[in-house]
Amino acid sequence: EPEVTQTPSHQVTQMGQEVILRCVPISNHLYFYWYRQILGQKVEFLVSFYNNEISEKSEIFDDQFSVERPDGSNFTLKIRSTKLEDSAMYFCASSTQGVRLTDTQYFGPGTRLTVL
Amino acid sequence: RKEVEQDPGPFNVPEGATVAFNCTYSNSASQSFFWYRQDCRKEPKLLMSVYSSGNEDGRFTAQLNRASQYISLLIRDSKLSDSATYLCVVNFGNEKLTFGTGTRLTIIP
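Residue numbers (the numbering used here), protein chains in the order written: chain X, 1338 to 1453; chain C, 199 to 307.
Please keep in mind that the hints were generated in silico from the structure rather than gathered at the bench.
All of these numbers come straight from a predicted model, not from anything done at the bench.
Fair warning: there could be bad hints in the mix.
[To be verified] Under 7 Å between C-beta atoms, here's a sample of chain X residues computed to sit facing chain C:
| no. | residue |
| --- | --- |
| 1 | S1385 |
| 2 | E1390 |
| 3 | I1391 |
| 4 | F1444 |
For glycine and all other residues, C-beta sits at the position ideal for the given N, C-alpha and C.
With the sequences and hints as input, model every part of the structure.
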């Protein structure tokens, strides 16, 4: 069964450093998403991406965040200057048709980001 | 504000029992509804979509009441492997999923 993959599984970084989290969505999917989950809290939407542009983003997704699909398979989330409060599990998700069409989103295993 | 509310639990239930979870959502224009399951430190996995007519998948039954803005999940004949956090998830008509805080379930042997 095809699945979303994410690397690395755990990233430790110093405050102020840049990090790039990588995702490989399911191959025939067209819509891509990033969510995050701070330990003990609920899963929160960050951004959705379709046709090489952001289609929606949350208040959390400020200028420190960016997303890119540099080639036909990878989808990346960059945090330019990490803060302590960025420590969380970051989940990538993908779907074939987008949530508006009630399509299912499939989640990757996540990257645990720890900012020291 | 578009919110999804769940009882966080924990629910500690003996194996074989029936357990029900409830969820309320804030916006009557909500378009689609889901139950996801999340094991400790793992990703959310779709358990089932929730349809207006109600739907069943084996031991799991989901119900939607649009008038009361209420979703439920019923698990019959619970197994030890059902221990997890159950996430109520709503699409409010935009490109994102909105998650509840989750209800933690522990099945006791």
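Hint-by-hint comparison with the structure:
no. : hint  : result
1   : S1385 : holds, 4 Å
2   : E1390 : violated, 12 Å
3   : I1391 : violated, 10 Å
4   : F1444 : holds, 4 Å
Checked against the numbered hints given earlier, the structure breaks hints 2 and 3 and satisfies all the rest.
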